[in-house]
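Put together the whole structure using the sequences plus the hints.
Residue numbers (this note's numbering), protein chains in the order written: chain A, 1 to 279; chain B, 1 to 426.
These aren't lab readings, by the way, just hints derived from the structure by calculation.
Glycine residues also receive a C-beta, built at the ideal position from the N, C-alpha and C atoms.
Check before you lean on any hint, since a few could be wrong.
[Said to hold, decoys possible] Looking from chain B toward chain A, a few residues come up when the C-beta cut is under 10 Å (computed): (1) Y94; (2) G151; (3) A271.
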Amino acid sequence: MAFTKKIGIAAAALLGAVAFSNLTLRAEEGGGHETPNPTRQTWSFSGPFGTFDRAQLQRGFKVYKEVCSNCHELHIPIRTLAQPGGPGFTEDQVKTLAATYTVHDGPNLQGEMFDRPGRPADVFPAPFPNPEAAAASLGAAPPDMSLLAKSIKFERGFPAFVFDVLPIPGGMYQEVGPDLIYAILNGYTKEDDPNWNLYFPGHKIAMGKPLAAGQVDYTDGTPTTLEQYSKDVAAFLYWAAEPSLEQRKRIGARVMIFLLVLAGLLYFTKKKIWADVAH
Amino acid sequence: MHGHSTFEPKNGVVKWLEARLPILSFMHGSFVAYPTPKNLNYWWTFGAILSFMLIAQIVTGVVLTMHYTPESTLAFSSVEKIMRDVNWGWMLRYAHSNGASMFFFAVYIHIFRGIYYGSYKAPREVLWILGVIIFLLMMATGFMGYVLPWGQMSFWGATVITNLFSAIPFVGDEITVWLWGGYSVDNPTLNRFFALHYLLPFIIVAVVGLHVWALHVCGQNNPDGVEIKDIEKDTVPFTPHATMKDSLGIVFFLLLYCWFIFYVPNYLGDADNYIPANPMKTPPHIVPEWYFLPFYAILRSIPDKLAGVIAMFAAIAVLAFLPWLDTSKVRSAKYRPIYKIFFWVFVVCAVGLGYLGAMPPEGGFVLASRILAVAYFAFFLIVLPLLGLFEKTKPVPASIADAVLAKHGSASSVAAGAASAPQTKG
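Here you go:
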């Protein structure tokens with residue numbers, strides 16, 4: 001038994017050494033970069049039964065259209081705005097909206113390129129012909145926004161990342177992207193430097209402060225504050241990146257209920273079958 | 001094991017087929033009458049869970065292939081098209097990508113189960129080695145599958161891993177160029193990875209066939225690690241007992257799997273893989289999928305590239321030698337008190353290596369990976385050979401029936417009524 005104890009102590013010492021070396025590193029890291037982690041916002045689409053807030057997506061779309069789209073491409077079809085589980089525009093609204101865009105198309109039968117009014121099946125036209133042209137004009141090519149809300153992240157660290165996956169209150173954290181978008185849009189905290197951002201890694205962001213209070217008109221009486229704009233556009237971008245979210249969660253609930261019932265039935269069947277076997 | 005079949009065809013068509021190809025009696029012998037140790041616990045349902053996952057991956061994968069374009073300028077957008085425009089495309093793709101993770105999760109439990117209960121020991125060495133081969137094939141398939149969406153992490157992960165081959169002395173660079181089909185990871189690499197990603201699962205199916213065959217020759221190990229002595233007393237027929245228990249295990253596993261598909265589908269993936277591959281822009285941290293992290297940590301813990309690569313492959317290869325490294329006569333950790341402790345320390349080391357593999361290779365993380373990498377190898381190369389010689393094991397029950405009766409507190413009636421002409425195994 002003494003031997004067992006010794007092994008136990010050795011194991012504890014080993015783990016202790018590992019934990020200690022990690023802690024030392026944590027401390028070192030804390031000194032290096034001081035980008036705070038964004039705070040977790042409340043979103044209508046978080047949680048197992050979350051759905052998008054149609055009005056919020058429509059407001060977010062307005063912010064995108066009037067502000068973001070001047071520099072950022074959004075490579076999704078215009079028709080998706082009328083898709084179930086989205087901002088809830090009507091087919092007619094989308095048709096009218098699409099017609100306001102000019103789409104460069106072709107070649108036609110004569111072999112020539114031409115401009116025509118947009119159709120719902122077109123993708124939102126890009127503000128620049130290619131990323132190189134965007135970089136030449138803006139200093140850096142702004143990322144395409146169609147997947148932005150899923151392609152950005154910040155380190156959650158241990159033990160937060162463990163809780164993020166669990167089906168518990170405060171768990172099931174999939175909204176890292178929208179939280180970071182919200183944080184960055186609100187992170188221009190140095191008045192004298194429009195390219196300094198509290199939440200951007202390294203703090204130097206090529207995009208100058210893009211949004212300010214009162215910049216976009218809301219017709220539904222929602223306050224036109226920076227916080228509200230950021231929240232609405234982050235929600236819109238999350239929908240753009242994950243348009244099947246509502247369907248996914250709806251089907252998921254049915255699948256889970258089915259599996260739970262099936263598990264119950266199988267459990268009792270198995271119990272019955274094994275009832276007369278000592279095991 | 002089909003020798004145990006009590007299959008007697010009554011139907012004329014079945015009789016006709018049986019005389020020409022006895023596949024039905026074979027199936028009956030292997031999956032109905034097959035004697036299963038009655039003391040198996042739920043850790044033994046992972047074999048069935050893995051079979052289910054293999055089929056699930058093949059089915060979702062074949063349908064995804066119908067919509068995917070393996071060409072470097074179109075691959076990323078074709079995956080997005082699956083996510084946005086293909087009916088149920090998001091579900092297929094999330095099921096497939098999370099399915100890979102679930103497959104590895106299940107295989108790690110299956111491997112740890114084997115290590116805990118000594119399932120690799122004679123006469124199951126070949127069964128075990130076939131398992132290691134399946135694991136290797138799974139790793140190759142998983143790695144190549146991760147490249148197919150052609151996101152940033154796909155591209156840079158492929159670059160890092162294929163570059164490992166350049167560490168081979170003299171011919172390393174030539175081999176890497178040959179693997180790439182060019183001078184960097186590019187369209188030819190994507191094409192061949194796609195072809196192999198479609199091929200390898202069917203090779204896995206074949207090796208799984210051998211794995212199950214070997215299993216059915218030796219019979220299953222069990223938590224007490226004693227061989228079946230008396231089919232009547234020690235075993236139950238596979239169907240309905242094991243079939244039903246396995247089904248329950250699969251449904252519980254499906255609950256976990258579906259939680260990932262429907263509620264946290266992007267938790268296990270890297271956000272960078274939603275950015276199209278860009279050979280001009282290296283991500284700050286290149287991290288492989290979580291199931292490779294322990295081996296990645298071992299690779300990075302050694303400053304020399306070639307030595308690191310050797311250590312990484314050795315970490316997998318050492319598993320194949322487990323039947324001969326473990327010198328203990330007793331199989332199950334249930335009767336090996338000291339081994340049991342070392343086993344759990346080993347599990348913690350492996351999980352710890354996984355955590356460190358995801359961390360940047362700096363400062364304390366490097367030191368920690370080195371300590372744990374040494375501990376990982378020490379388990380196989382020092383602890384297992386020596387422990388068998390010095391460990392004082394607990395008395396092992398004479399049979400499965402004895403173990404079961406001891407558990408239920410009526411060991412006194414065990415020996416009584418030894419069955420007439422017991423069907424002994426061996």
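Violated constraints from the hint list, given by number and in increasing order = No numbers; nothing is violated.
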